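*Asks:* Spelled out from the first residue to the last, the chains are:
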Amino acid sequence: MIGNFLLYIDPGSGSYLIQVIIAAVLGAAFFFKNLWWKFRSFFIKPKKKPSEKNDPNIP
Amino acid sequence: MIQTSPDDPIWSGYSRDPSGFMFKLNDQYYRQVNQLYAGDYDLLLSSGLYHELSGKNMLVSHEDVSGSVPGTPGYYRTLLPRQLPFISYPYEWSPSQLRDAGLLTLRITRMAMEKGMILKDATPFNVQFVEGRPLFIDTLSFKAYDGAGPWIAYRQFCECFLFPLYLHHYLGTGTHRLLGAWPEGIPAIQAARMLPGRSRLNAGAWMHLFLQTKIRTDKLPGGRRPAFSAVHLQRLLTHLESILQKLSTDNFSDKGWSGYYEDTILSQAYLAGKERCFLELIDQLPMASALDLGANDGYFTRLMAHKKVRIMAVDADWQCMETLYRSLPGLPSRDILPLCLDIADPTPPGGFAGTERKSFTARAKADLVMALALIHHLTLSRNIPLPALAAYFAQLADQYLIIEFVPLTDEKAQALIRNKDSYHSDYNIENFESSFSGYFRIERKMQIEQTGRILYRMRKTTQS
Numbered sequence: 001m002i003g004n005f006l007l008y009i010d011p012g013s014g015s016y017l018i019q020v021i022i023a024a025v026l027g028a029a030f031f032f033k034n035l036w037w038k039f040r041s042f043f044i045k046p047k048k049k050p051s052e053k054n055d056p057n058i059p
Numbered sequence: 001m002i003q004t005s006p007d008d009p010i011w012s013g014y015s016r017d018p019s020g021f022m023f024k025l026n027d028q029y030y031r032q033v034n035q036l037y038a039g040d041y042d043l044l045l046s047s048g049l050y051h052e053l054s055g056k057n058m059l060v061s062h063e064d065v066s067g068s069v070p071g072t073p074g075y076y077r078t079l080l081p082r083q084l085p086f087i088s089y090p091y092e093w094s095p096s097q098l099r100d101a102g103l104l105t106l107r108i109t110r111m112a113m114e115k116g117m118i119l120k121d122a123t124p125f126n127v128q129f130v131e132g133r134p135l136f137i138d139t140l141s142f143k144a145y146d147g148a149g150p151w152i153a154y155r156q157f158c159e160c161f162l163f164p165l166y167l168h169h170y171l172g173t174g175t176h177r178l179l180g181a182w183p184e185g186i187p188a189i190q191a192a193r194m195l196p197g198r199s200r201l202n203a204g205a206w207m208h209l210f211l212q213t214k215i216r217t218d219k220l221p222g223g224r225r226p227a228f229s230a231v232h233l234q235r236l237l238t239h240l241e242s243i244l245q246k247l248s249t250d251n252f253s254d255k256g257w258s259g260y261y262e263d264t265i266l267s268q269a270y271l272a273g274k275e276r277c278f279l280e281l282i283d284q285l286p287m288a289s290a291l292d293l294g295a296n297d298g299y300f301t302r303l304m305a306h307k308k309v310r311i312m313a314v315d316a317d318w319q320c321m322e323t324l325y326r327s328l329p330g331l332p333s334r335d336i337l338p339l340c341l342d343i344a345d346p347t348p349p350g351g352f353a354g355t356e357r358k359s360f361t362a363r364a365k366a367d368l369v370m371a372l373a374l375i376h377h378l379t380l381s382r383n384i385p386l387p388a389l390a391a392y393f394a395q396l397a398d399q400y401l402i403i404e405f406v407p408l409t410d411e412k413a414q415a416l417i418r419n420k421d422s423y424h425s426d427y428n429i430e431n432f433e434s435s436f437s438g439y440f441r442i443e444r445k446m447q448i449e450q451t452g453r454i455l456y457r458m459r460k461t462t463q464s
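Read top to bottom, the protein sequences are chains D and W.
FYI, in my numbering the residues of the first sequence are 1 to 59.
FYI, in my numbering the residues of the second sequence are 1 to 464.
Take these hints with a grain of salt, some might be off.
Here are the simulated distance ranges between beta carbons [as the list claims (entries may be wrong)]:
| no. | chain 1 | residue 1 | chain 2 | residue 2 | range |
| --- | --- | --- | --- | --- | --- |
| 1 | D | F31 | W | G48 | 28 to 36 angstroms |
| 2 | W | G330 | D | F39 | 39 to 47 angstroms |
| 3 | D | F31 | W | A181 | 37 to 45 angstroms |
| 4 | W | V231 | D | F42 | 22 to 30 angstroms |
| 5 | D | R40 | W | T238 | 18 to 26 angstroms |
| 6 | D | K33 | W | Q268 | 31 to 39 angstroms |
Please keep in mind that the hints were generated in silico from the structure rather than gathered at the bench.
Being a predicted model, the structure only gives us computed values, none of them experimental.
All C-beta atoms, glycine included, are put in the ideal place defined by N, C-alpha and C.
Using the sequences provided together with the hints, build the complete structure.
*Replies:* See below:
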């Protein structure tokens, strides 16, 4: 029967591996996102948005 | 030794959690903490977590009454928690209520980790709504956390909060009926079968839902387990939190009753007239609680929000209850509890042996019961005879009933019987009044201007 194996996992062990995998994926995503921002800021100097330049409300 | 109340089997000292149980004594609910839980209970207090959470109104506060109320053998402490006026269940909540309960659970887990503890279970039954806000009520759900393991309640959290909310996000079904069918959570495999194909493209759904259907845990490496830490867990919790915040809790494409009052032109004059009558009928009425049956989007519930009355608003249409729940922050009183349930089929008792959770009827007592524009639906559409309705409303009302009679000649009543061969043809004002007179005395009746509808205020004459 499909899914029968799920009946025999205790709540802890059943999700151990999944949590390890998700944490790794999220960690990798975080790492590459950081890397991308570092890479981007190295080549592209942060520009002021036109609205910020012209907005008389911003001192 | 604890004397439990024999007429209240739910609180007879039975609990699934070996850490302790609830019991009722002299009309107060107590919580016994068992010896088994002593270490974790002491840590909850000594770490400052209890004070932080209860101070922020996230966890129910309690008083330690061990000195005056000793427990059964093996007991460690007796607690007198803040008494809650009404207990509701996840299968009576609108999607936003479930989401807010889930967010509270995650936030508490993160705060607990900072104090070296974690939640050992993550079921929405641990959350109640008090004055429009979720409150965690299980003081015994906390356990010490070594900062290295994963979250033991992760799968339960997914099955009870995340999967119903994903299903709602993609299908717009509401969540209460799903949790009625699976009160202990929807298994990943079942949720995966119901979700549309495009949900597989969603990274969050793929990781937290579809992955669980792919990984066979019997392939787990024996002995050494892959490394895991608190940092990983924090990341996981933050991810769950951001998913819950992004998931849609509305879907108003399938229009239920939520536009009833706004939609019909007839309503404008009718509504204004009904509001005047209603305000006159409730003026100076002494009451502490009210139950609005068939509340729609809570128009009349909200009219009472300036009174110091605790209100339960009930409607079978979850969209109406969702609208009402979202409107609470802007009201003068937030002491309004929206509940998605059908009066023709109210929540039955639940849990093991049918004694763990009470039926709606057993919980819902109120000084005032309101049934506005409701009984024609129950009698003409749902075929519930007037005497049966009168008996049921008398069971729910402690003192007063404000009820609207919609005559058979009314446009809306006609619409209900247009295609019906058989209905209760004795549905008329004489039978209505005589049926309700068996339990109530009619105090006032007011015809709503420009309609044949009549608003009654009745006072209960029988004891329940």
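*Asks:* Would you mind marking each hint as holding or not holding in the structure?
*Replies:* These are the hints, each one checked on the structure:
1. Between F31 (chain D) and G48 (chain W) the beta carbon distance is about 34 angstroms. The supplied range of 28 to 36 angstroms therefore holds.
2. In this structure the supplied range 39 to 47 angstroms holds for G330 (chain W) paired with F39 (chain D), their Cβ-Cβ distance being about 46 angstroms.
3. Between F31 (chain D) and A181 (chain W) the C-beta distance comes to about 41 angstroms, which sits within the given range of 37 to 45 angstroms.
4. In this structure, V231 (chain W) and F42 (chain D) meet the distance hint of 22 to 30 angstroms, their C-beta atoms being roughly 27 angstroms apart.
5. For R40 (chain D) paired with T238 (chain W), a C-beta distance near 23 angstroms keeps the hint of 18 to 26 angstroms intact.
6. At roughly 53 angstroms, the beta carbons of K33 (chain D) and Q268 (chain W) sit outside the given window of 31 to 39 angstroms.
Checked against the numbered hints given earlier, the structure breaks only hint 6 and satisfies all the rest.
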